[in-house]
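Since each chain comes alone in its own frame, lean on the hints to assemble the complex.
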Amino acid sequence: MTKLACTFFLCCFLFIACTGVNERNSDQTEKKPDTAIVHTPVANPYATIDISPMDMSYFPVNYSQLKMTHDLKTPPIMRVIYSRPHRQGRTIFGNLLKYGERWRLGANEASEIEFFQNVTIQDKKVNAGRYVIYCIPYQDKWTIILNNDLYTWGLKIDSTKDVMQFDIPIKKTSIDFEYFTMVFQPLTNGAELVMAWDDTEGRLPINF
Amino acid sequence: MKQITLLVILAISLLAGKSQSINLPPVDKSPMDMCYYPTNYPVLKIQDKVTEPAVARVIYSRPQKNGRLIFGDLVEYGKVWRLGANEATEIELFKTVKIGDKKVEKGRYTLYAIPMEDSWTIILNRDNDTWGAFKYDEQKDVLRTTVPVQKLNEAVEAMAMTFEKSDSGCNLIIAWDNIKASLPISLK
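Protein sequences appear in the order of chains A and B. Letter by letter, the first sequence follows residues 61 to 268 of our numbering. Letter by letter, the second sequence follows residues 1058 to 1245 of our numbering.
Possibly wrong hints are sitting among the right ones.
[Claimed, not checked] The calculated label-pair distances, taken between Cβ atoms and stated as ranges, are:
no.: 1; chain 1: B; residue 1: K1245; chain 2: A; residue 2: T129; range: 39 to 49 Å
no.: 2; chain 1: A; residue 1: K231; chain 2: B; residue 2: G1157; range: 51 to 61 Å
no.: 3; chain 1: A; residue 1: D218; chain 2: B; residue 2: E1211; range: 38 to 48 Å
no.: 4; chain 1: B; residue 1: R1201; chain 2: A; residue 2: D183; range: 43 to 53 Å
no.: 5; chain 1: B; residue 1: K1163; chain 2: A; residue 2: P135; range: 13 to 23 Å
no.: 6; chain 1: B; residue 1: S1223; chain 2: A; residue 2: N267; range: 16 to 26 Å
If you are wondering where the hints come from, they were derived from the structure by calculation, not from laboratory data. For each residue, glycine too, the CB sits at the ideal point set by N, CA and C.
Next comes chain B alone, as it looks inside the complex (with noise of 0.2 Å):
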């Protein structure tokens, strides 16, 4: 009976996990994450369905919440925090954009971000090809800019990125537990 039992709980376990009420993009069964602007642009590509240039793609691994407290535990508050896990975040621009109404070069980038309770302050350093935030040198920085959290009512269990479209360009989305913070680019 014990047997049985175990059975019908692994049979529902594999049925089960497919729901996630936010809109962020799944945790690939083949472990690698990256989001592009526009949205899904592979995927587009191969569709002939590309409507504009890719503007940005994002290359980030993603932590588990596994039950754990995050922001203002986990992750400290105030303190640089890598956005993600493992080799460093890192943005690609291919273009020139804007950011917090300062003008970023096309290029690739490493992206932090000092997490508070109300804001994340988001950074752009040129210490590329590196591994979490250990030797973070603030004297790289590229743009330092601060923007508002929202607080989710259901919480992310793998830290999520993705981008969506704005007025002005797109806002790359950075979901983790229950805060949720967006970074505008502006392609104007």
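Looking at chain A on its own, in the form it has when it is part of the complex (with noise of 0.2 Å):
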């Protein structure tokens, strides 16, 4: 009996060890990447994780796969590149990321959008280019701004850059997304770029 106590402490000591080891590992990477490699794809509705890592989302969605298999006349509308950080157990609206301060909409390098057309945002005009996009996440709504500062990492930006903002609602997801994902989804008249990480989820509708 007394053995089987001993172990049951030690495993618990040890998965103790093991947890506050990873959550150390988490706090650096959204300083700095780290050594750590994700292996196994792990679900997701909008995209899985990438074994081997990189992310970027088209729209046309899967354009660069559509054009494998079709003969694609036309150019890209948009895409996003940017880095996927894991909740890894953490709450992270209002906790990690605080509401009213910026939050990169990823990790390391600045996440990326860029135009390869003009395009409407809330009936206004963006000029085709290639912008930073960052997030002011508050408990009701999210403030998207799109920024002037390219080939910046996240951590610091430059909000005299800042062009154009829009604000957009958000809501709650029907599953928690483990991976922040952003994703380009069709509509009638154009495509949104959706936000989700953790239980919520925010839409930016782009008509073109």
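And the structure:
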């Protein structure tokens, strides 16, 4: 019996030790990349995690793959390039990400959206080009900001170079998103950029 | 006892995995990879340490070796290889440069390679936003240049690309398994 109890406590200790290590590593990943490799795809209804670490989303959805099977005559309309932090048991909104403070919508390098043609967002014209995209999350809405300070690291965004901003509603998701996810979904007159993490998602409609 | 052993193995494996002897970028825990020249340009930027404007950036996916023999086996000699995984690997030049004595205008290009045992042919192609090398079209090549390869003593698990400074500009370093290739980019 004592042997069993000993085993139990040792297991508990090791388990706590392990998760402790994990948490410390995850805090570090907020500042710099580390060497851990994501080996297993995690279920996600919008875009599964690549085994080879990189993520970009195109509109038309999967444009580059469509190109393999279709004779596409037109270039893509837009794409987003971003890094995908993991939730790792943490509460994200209102905790890891403070309401009212800038959130880089990703990790590592600043997230970037490129419009290959002019588009319209909330009745405002957005010129074709490349922008840094970031967010200020609030309890009941997100402010999505396009910024001109390209090729920067997400932790320090120069808000004097903000170009446009858009408030969007948010909603609770039916599942929890382990990995932060950005993907486009078609609308009748354009597409929306879906941004989902933990139990929350925001959608930015883009018209063209 | 078995559980303890398992837990100990788990603990060790969580603590391990930090070593890579040559100076290549680590794999991001958050899946994405790009590299800049000047190296780590975005980080330099937020530290106010930028001394020259961005010259180039590569966006690529990083396949893993996973115990396989890569060159001459998984990646066949003499065939066009996508130099990565998933979306085609792309290089963006923020200014006009010279590669293999040819002028390459600033812009975005897809990168491919044809690996041979002793050398690689590196290809810049203008058909962007594509997937792998499945629809590679030689007609759209902008440049082909052949570079020697170097054997590494230690295998690189995740394919890696990085830039290093050179006398005339920079070199794009590409390493996977036990092979390293270096593409000179001249700014002069």
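Tested hints:
{"no.": "1", "hint": "B/K1245 with A/T129: 39 to 49 Å", "in the structure": "holds (43 Å)"}
{"no.": "2", "hint": "A/K231 with B/G1157: 51 to 61 Å", "in the structure": "holds (53 Å)"}
{"no.": "3", "hint": "A/D218 with B/E1211: 38 to 48 Å", "in the structure": "holds (40 Å)"}
{"no.": "4", "hint": "B/R1201 with A/D183: 43 to 53 Å", "in the structure": "holds (48 Å)"}
{"no.": "5", "hint": "B/K1163 with A/P135: 13 to 23 Å", "in the structure": "holds (18 Å)"}
{"no.": "6", "hint": "B/S1223 with A/N267: 16 to 26 Å", "in the structure": "violated (46 Å)"}
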